[in-house]
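Asker: Chains as they are written, first to last, in UniProt numbering: chain A, 1 to 550; chain B, 1 to 494.
Hints listed in this document are in silico derivations from the structure and should not be mistaken for laboratory results. Just so it is clear, CB atoms sit at the ideal spot from N, CA and C, and this is done for glycine as well. Just to be clear, a hint being listed does not mean it is correct.
Among chain A residues calculated to face chain B with C-beta under 10 Å, some are [stated by the list, open to error]: (1) Leu207; (2) Thr210; (3) Ala285; (4) Ser298; (5) Trp305; (6) Glu311; (7) Trp393; (8) Pro489; (9) Asn503; (10) Arg504.
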Amino acid sequence: MEFAELIKTPRADNVVLHRPFHLAVEGTLCLTGHHLIFSSRRQDNAEELWLLHSNIDSIEKRFVGSLGTIIIKCKDLRIIQLDIPGMEECLNIASSIEALSTLDSVTLMYPFFYRPMFEVLEDGWSSFLLEQEFELLSSVTNEWRLSCVNKEFSVCPSYPAVVIVPKAVDDEALRKVALFRHGGRFPVLSYYHKKNGMAMLRSSQPLTGTNGRRCKEDEKLVNATLRSGRRGFVIDTRPLPVAQQARAKGGGFEQEVHYPQWRRIHKYIERFNILQESFIKLVEACNDQSHNMDRWLSKLEASNWLTHIKELLTAACLAAQCIDREGASVLVHGSEGTDSTLQVTSLAQIILDPRCRTIRGFQALVVREWLQAGHPFQQRCAQSAYSNSKQKWEAPVFLLFLECVWQIHRQFPCSFEFNEKFLILLFEHAYASQFGTFLGNNESERAKLKLPQKTMSLWSWVNRPEELSRFQNPLYEANSLVIWPSVAPQSLHLWEGVFLRWNRLCRFLEEAEEQKISIIKYNKELQAKVNTLRRRLAEIEAAGAVRGQP
Amino acid sequence: SHAVLLLQVENVKLLDRYANRRAASGTLYLTATHLIYVDASAEVRKETWILHHHISSVEKLPLTTAGYPLLIHCKNFHVAHFVIGQERDCHDVFTSLLKLSQPVKPEELYAFSYNPKMSKESREMGWKLIDLRLDYQRMGIPNDSWEITDINKDYEVCSTYPPEIVVPRAATKAVVMGSSRFRSRGRIPVLSYLYKENNAALCRCSQPLAGFSARCLEDEQMLQAIREANPGCPFMYVVDTRPKLNAMANRAAGKGYENEDNYENIRFKFIGIENIHVMRSSLQKLLEVCEMKSPSMSDFLTGLENSGWLRHIKAVMDAGVFLAKAVKEERASVLVHCSDGWDRTAQVCSLASLLLDPFYRTFKGFMVLIEKEWIAMGHKFSHRCGHLDGDPKEVSPVFTQFVECVWQLMQQFPCSFEFSERFLLELHDHVYSCQFGNFLGTCHKDREELRIFEKTHSLWPFLLQRKQELRNPLYRGFTAYKELQPNTLPFSFQ
Numbered sequence: 001m002e003f004a005e006l007i008k009t010p011r012a013d014n015v016v017l018h019r020p021f022h023l024a025v026e027g028t029l030c031l032t033g034h035h036l037i038f039s040s041r042r043q044d045n046a047e048e049l050w051l052l053h054s055n056i057d058s059i060e061k062r063f064v065g066s067l068g069t070i071i072i073k074c075k076d077l078r079i080i081q082l083d084i085p086g087m088e089e090c091l092n093i094a095s096s097i098e099a100l101s102t103l104d105s106v107t108l109m110y111p112f113f114y115r116p117m118f119e120v121l122e123d124g125w126s127s128f129l130l131e132q133e134f135e136l137l138s139s140v141t142n143e144w145r146l147s148c149v150n151k152e153f154s155v156c157p158s159y160p161a162v163v164i165v166p167k168a169v170d171d172e173a174l175r176k177v178a179l180f181r182h183g184g185r186f187p188v189l190s191y192y193h194k195k196n197g198m199a200m201l202r203s204s205q206p207l208t209g210t211n212g213r214r215c216k217e218d219e220k221l222v223n224a225t226l227r228s229g230r231r232g233f234v235i236d237t238r239p240l241p242v243a244q245q246a247r248a249k250g251g252g253f254e255q256e257v258h259y260p261q262w263r264r265i266h267k268y269i270e271r272f273n274i275l276q277e278s279f280i281k282l283v284e285a286c287n288d289q290s291h292n293m294d295r296w297l298s299k300l301e302a303s304n305w306l307t308h309i310k311e312l313l314t315a316a317c318l319a320a321q322c323i324d325r326e327g328a329s330v331l332v333h334g335s336e337g338t339d340s341t342l343q344v345t346s347l348a349q350i351i352l353d354p355r356c357r358t359i360r361g362f363q364a365l366v367v368r369e370w371l372q373a374g375h376p377f378q379q380r381c382a383q384s385a386y387s388n389s390k391q392k393w394e395a396p397v398f399l400l401f402l403e404c405v406w407q408i409h410r411q412f413p414c415s416f417e418f419n420e421k422f423l424i425l426l427f428e429h430a431y432a433s434q435f436g437t438f439l440g441n442n443e444s445e446r447a448k449l450k451l452p453q454k455t456m457s458l459w460s461w462v463n464r465p466e467e468l469s470r471f472q473n474p475l476y477e478a479n480s481l482v483i484w485p486s487v488a489p490q491s492l493h494l495w496e497g498v499f500l501r502w503n504r505l506c507r508f509l510e511e512a513e514e515q516k517i518s519i520i521k522y523n524k525e526l527q528a529k530v531n532t533l534r535r536r537l538a539e540i541e542a543a544g545a546v547r548g549q550p
Numbered sequence: 001s002h003a004v005l006l007l008q009v010e011n012v013k014l015l016d017r018y019a020n021r022r023a024a025s026g027t028l029y030l031t032a033t034h035l036i037y038v039d040a041s042a043e044v045r046k047e048t049w050i051l052h053h054h055i056s057s058v059e060k061l062p063l064t065t066a067g068y069p070l071l072i073h074c075k076n077f078h079v080a081h082f083v084i085g086q087e088r089d090c091h092d093v094f095t096s097l098l099k100l101s102q103p104v105k106p107e108e109l110y111a112f113s114y115n116p117k118m119s120k121e122s123r124e125m126g127w128k129l130i131d132l133r134l135d136y137q138r139m140g141i142p143n144d145s146w147e148i149t150d151i152n153k154d155y156e157v158c159s160t161y162p163p164e165i166v167v168p169r170a171a172t173k174a175v176v177m178g179s180s181r182f183r184s185r186g187r188i189p190v191l192s193y194l195y196k197e198n199n200a201a202l203c204r205c206s207q208p209l210a211g212f213s214a215r216c217l218e219d220e221q222m223l224q225a226i227r228e229a230n231p232g233c234p235f236m237y238v239v240d241t242r243p244k245l246n247a248m249a250n251r252a253a254g255k256g257y258e259n260e261d262n263y264e265n266i267r268f269k270f271i272g273i274e275n276i277h278v279m280r281s282s283l284q285k286l287l288e289v290c291e292m293k294s295p296s297m298s299d300f301l302t303g304l305e306n307s308g309w310l311r312h313i314k315a316v317m318d319a320g321v322f323l324a325k326a327v328k329e330e331r332a333s334v335l336v337h338c339s340d341g342w343d344r345t346a347q348v349c350s351l352a353s354l355l356l357d358p359f360y361r362t363f364k365g366f367m368v369l370i371e372k373e374w375i376a377m378g379h380k381f382s383h384r385c386g387h388l389d390g391d392p393k394e395v396s397p398v399f400t401q402f403v404e405c406v407w408q409l410m411q412q413f414p415c416s417f418e419f420s421e422r423f424l425l426e427l428h429d430h431v432y433s434c435q436f437g438n439f440l441g442t443c444h445k446d447r448e449e450l451r452i453f454e455k456t457h458s459l460w461p462f463l464l465q466r467k468q469e470l471r472n473p474l475y476r477g478f479t480a481y482k483e484l485q486p487n488t489l490p491f492s493f494q
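Pulled out of the complex, with its shape left as it was, chain B reads as follows (with noise of 0.2 Å):
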């Protein structure tokens, strides 16, 4: 390796925890973002790499016979369970590996020094692979109803936006900058996905303030151009994600959800997907079922039911095949929020996108949805995803229970996608190894400010060129099936 070293230890034995084998034994390095095991009890080289970003805890055990534990969990599940012979080496490796693992300042994430030897050109090349503006195309924008608007050029309209928004032709600036105050954090109404066959649109925005009884007009018009942009039908559905009890607990902030008279000809439906502090202790129960010590199966079928892992994403799964519904079969738009738009409605607007587009089902498409749902509409991975050392509690596994409903689809049509599951599991590791710049930070205007795309890399073209290893063999076709309608009782969920 031709990174620094920083620290080596010797007579380091790796435990495997499935295989009975005896332990492997070796050298473990440290250097400036890696932990690197060469095992020296193999016959052929074996090297174990860890990035230092996918640490998500070091913990010491109590001394054993065999020496001192150090057990290290990923944010990619993986979990590596150490011992060093001498505790000083542990105490070592323990406070180096705190300090690498929980990054401070963006600049020392890894993304900022990574150096794949590459052109300026090709590395600027890397960045426009990904072009919105054409994915908005192929839906017909701009068209009579549709424009796409750089009103937020400057962040006035919202700062966790896109500089480019999609919004109704007929929505004034004064529409549109009036609702942008009426909505948290100015999150506006705004088209996510367009299906072409019949005109209804997906859109989606953070909640209103309404408080208990606060009406915003150009909000309230907003909805109608909306409405309106879609004249195949009268009505048009606004889904609040959250469960009905926590959206009536924020109308005493201000905050809450759309009241029916006030609006036009809406339906208005409480879809209960849980926040992301429910999720993240779902997981950390799901993580803790799947540690146990020689379960039984009763012991582990009641830790995945009371993890409510699947039923959250059960949940997840219906709110999305609810979307595509109402757009595909009732034929009307559809406007989603949760509460600031960038976590549960990120998921379902993917996923009904997904359901309702075979495009999406591609790995160009599949990047195009996770740039244009997640990344341009400000999805916090870096507080989602603990990037750096921050507040615990912004932390929640969101993206990864995407990725595992895009997972569960695939168990179901087998050959609908053209990427196989070791993508979604590439991706999943690039989402937390901050090796390149396209998930770093909260939203455009913070990327801009990080000047990511000076100084770092896209992963968008490294993972196409490995596309041959990355497909699924069992691929009909872009033209072979077009929506899915997955089946969401609870036993098909694996």
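So here's chain A without its partners, still in its complex pose (with noise of 0.2 Å):
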């Protein structure tokens, strides 16, 4: 298919460009495959808007006489403007907006046709293979082994080719495994806690139907876990009643006399459709600018959003408990296996482990426990806060698990190397992007479409020296503790960066950002300083001692 049929009109003179806290400008729009360019042509201010169609959410069309107006809401929560004159135009443009924004073939998309103008220093795409975090694994404990039993996808079609399981167990064993797990998600290693050598497992609901089904070789794979005499929780992330229910359609839990060494505990996260309906209210909230202080405040009760956030850190905070606190091997599940388990998992281990809040860490822990774990980012960020489609499958779980990350980064503001930049560069990429990263839904389906081969890995730009420093958070000091985050009410605040990016100047934060760094290179620069002339001091009271000496 050739985009120049669904470009009618591929450009348009005299077009003005509104948004908020911007003076109108007015300049040309442009329509390209992938992208709508606006550029002003005023001398003083030339500006450029590029904006992928990717990023668009929805669009509404108005008109007054002959002059159409355009309204743009995109994925990233910005709401743009613009003014069109001729009715025509602006129809035909809309049409090509409305077709170019929900192509439904993924090979379409602007990464298949990106053509990076830097230079890549690093292939992103294998910058974080399992295999590299097998070997630091293996240095600390020789209890695990690298299974490629789903080399071909064909164990687990949402699992990599290569999963982390008990050494104990073999190929053969996890192919049962598989069979009694839904979707094929047998436990395998998320998390290895050095300092005890406590595992965090994550899996998919147990198939144990109405009539108590057992599997021998998944109680023998959760069991290789413990330490003799010790017991093992499992956190379902469904309340009791929900996972009963799901006996009925085959799913279930694991239970008790067969799970003797299990604790189990009900901790409830909300599936995606209510996460998809409460963010959607959050951000018609904070759009609406009309409100009076009470009427915000419950229409912020109302959307739940924070409760979400609570409800997810307090899974997170327990999961991280039960491994650092009581020196238990811990075992995450929901049904699927690909949201909530996720969200518990990988924020767990940002409590529990140093490593996570690095730059890199963290980029290894997207790739680890969202990417390769098989969450299914095409499905879910396929539309935003602005969709009226009545897709079910769309669903902020990502942008929950990046806020809450971004909670806690509030509450220990030196622990982490990145800054709040990052997280938002990742929420905007998730939903989209130049780069392949984020396209598909599991390894199996990056395989079919030959991404590695066909498009940019998002690592690959972002780990360049030039753009990585603009996501290094200044106060950043290393900090190898465990960090505890607060969820009372209290603690939690609105996510501005994200949820009023848009409907607030950030001038004068910006400013205080830039202050916050120069002081810190002025503080190092004195350090420094300070370091060459305690060097000399000790110089010259050396030469002096010698010279002392009789």
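Two independent chains are provided; combine them into the complex using the hints.
Answerer: As structure tokens, this is what we get:
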């Protein structure tokens, strides 16, 4: 298919762009296969706006006489308005944008066409291989092994080709366990707590069904992670009644009789359609400027967004607590094991593992616990808060995770190597990107699409020194401790950087950020000076001592 | 401690609401001024000091297995939960604290016994540190239109104003005296801030005794003089910071608000900020929300909304923004009042000054602002803070709200204040601590009678001494930002 067919009016002049907190500007609008480009021709302040079609969440058109207005709502939550003279032009442009922003074939997406203008120093597609992760693990324990049982993606289509499992369990057993778990997602290692050798596993629900089916291999697998005489915890992200109902559909939960060494805790985390609804309500509240204080607070409350944040952080703290405080191994799952499960396991690692709070380590976490672990990004991020689609599988699951990281970041501003901008960057690219990283729903799909060969990885770009420096937290000081966030309502805030980003003036906050950076730079310079002077003093003293000797 | 020990109780536990740690165990001491708790279980000596003046309530809770609990709420929002082994001891502490935390006579206040071992000269220098005349000089006053007059030196114009006030040069003594008879408690229109760039003035007063139809020629002349002192603008604003209904109700009592027909070229406007009683109960509700045991997010947000606290903060901020805009953008002078002109008026005038003039965002400037708009102009700190055992209906967090508004501005403009949040907290603590003389009494006359300038110390030099730890590292200097235009949409409040 040629994009040209979809573009009936490739260019319109005298278009006026309106954005909050900006003066309206007049300029030319161009449509290309993947971008909407607006450029103002004003000499003094020429500016260009490039918008990916895939970033467009919804579009509305209005007419007053022959002046048409298009309101574009983006997945990154920004809203812009374009006034386009000429009814036909306006209608053409609107329908082109609509068509181009809703292409259903992945291979037509921009990442397949994007040619980077930078030199690739390190191919991000091979930056975070599970093999490397396993090497690190092998240096501290030999209780685990890499298994290639899924190398054809036939045992579990949503798992990567290699996984880490207890050494005591062979591939044959894994195949049996896969049949006993929803979608074949048998328990695999998510995190190993070096401090005390405890492990966090993740999986999907066991298929016990109504007649209480059991699987000896499954029991053996999870028990292999326990120290003798110690108990483990199963954290089920569904409430007990839901888990019980799941049995009727063939699902279920680990029953005490078959898993006597495990204690099950149900920690409810909302499912995706509820989250999507909450997301839409919150964004609506943030965009309505007509509220008084009471209405704003009640809408914020009614959106339930912060409640979900609190639930999620609470569950993650619980998992971390079981591992670090109770010294127990943990198995986390919900139903499919691709959403709430990953939220909990990845957040628990942010709390427990200082490595995950570095830029590189955080990227590795996102790759390992989200991309390789088979979070269906393409389904979940197909649409954002402005969509009217009735699709059932869209949900801000990954955004919620990022926001929880931000909440912890806010409470421990010096413990993270990256800054808020980095989290916002990931949010943006998960929804629309020139990079192939977040395309596809799992590793199997990515392999079929040949993404590593045909598209550029976000990590190839972001890990270049000049880009990376923008995402450094100037306050960072490596903190090797476990960090326990507060989940009290007073401690949780609205993530303004995402939700109010386009509705507030950022100048003063950015200036504060610059000020911080320059103070810390100055401090480092002074520190270096002190060190030089100290050295010189020591030299002089030493020389003096020599001279002073008889 | 060199202070006299009144009571000592062993085996006292201090519960920590946040850490799940084992409760601390130690000894509780009562001195004439402080409750001191020494944690014996900690590896390093850990002390908790609570000033008696800071205590707003002491409660005995029902017996628990650990002993007799005693819950102490402080005016600076500190909450301490002690558990005492013996009932007798608990009762002794309880009754002692009740007495100690509610002094009856002003002489019992800490400021009169506080002795930082300082020479008489430096103490007196301390009181001279903030000179309001210098601030008026900074605004170019005296000038052709405004003068500093000592017409109130014997408190004949107004007993709650300072001896020196700034009024239009054109207002004769007869006009001033006449206007004073027409304003509630004689609080006539005086200058609060002059915006030098366009001569627009921010003035303040109390409500007129207008009733349903009363007029006062001198008062009308007074407003005319204010308006004419700013020839750049043909009109002036008169802003009543009360809700319209409250102002109307006041008319029945012979008070009320200005009738636009009687005053030449005024634009009259209501800005609905609620009264001290609404604010008091709002804070009470807010504190209850903050003290809920493991509330859900929903409980918390609903409670926050129902308390109305942020709604009131927004109202005060909106009013400040309105005044600053009128002065700067419309070049109009503004006269502000509420009922008596010492609560809401103080809040919004000081906030508008802070928005207009970067000087007030420095350490020294902020002290000047507090001295000028709050202390000198007779904000009744003693009553609003409940320094002495008195009418609980007079207590209200008016100053606390102002401090929060400043804090909200700090969130939006992190580089524009010389001082940090800690400075605000320190100041807020001392407004209630009664350790320094500045916030004692209700007005200048009152403080003279209490002889605070001879008998107590001023807070300001003590705070300036600690500038290093109270400064804002992000401050970009005096000239970096001029006027501030904060966002007052609901979501910009935290």
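Asker: Next step is simple, just say for each hint if it's right about the structure.
Answerer: Going through the hints against the structure:
1. With a least beta-carbon distance of about 34 Å to chain B, the hint placing Leu207 of chain A at the interface is violated under the 10 Å criterion.
2. The closest approach between the C-beta of Thr210 of chain A and any C-beta of chain B is roughly 34 Å, which is over the 10 Å cut-off, so the hint fails.
3. The restraint placing Ala285 of chain A at the interface with chain B holds, with a minimum CB-CB distance near 8 Å, inside the 10 Å limit.
4. For Ser298 of chain A, the interface hint holds, the least distance from its beta-carbon to any beta-carbon of chain B being 6 Å, beneath 10 Å.
5. At a threshold of 10 Å, the smallest CB-CB gap from Trp305 of chain A to chain B is about 9 Å, leaving the interface hint in force.
6. Contact between Glu311 of chain A and chain B, as hinted, is supported at the beta carbon level, the nearest pair being about 9 Å apart and thus within 10 Å.
7. Contact between Trp393 of chain A and chain B, as hinted, is not supported at the beta carbon level, the nearest pair being about 26 Å apart and thus beyond 10 Å.
8. Taken as an interface hint, Pro489 of chain A checks out: its beta carbon lies about 3 Å from the nearest beta carbon of chain B, inside 10 Å.
9. Evaluation of the Asn503 of chain A hint against chain B yields a held restraint, the C-beta minimum of about 8 Å falling below 10 Å.
10. Hint status for Arg504 of chain A: holds, given a least beta-carbon distance of 6 Å to chain B, under 10 Å.
Going down the numbered hints, you'll see the structure goes against 1, 2 and 7, while the others check out.
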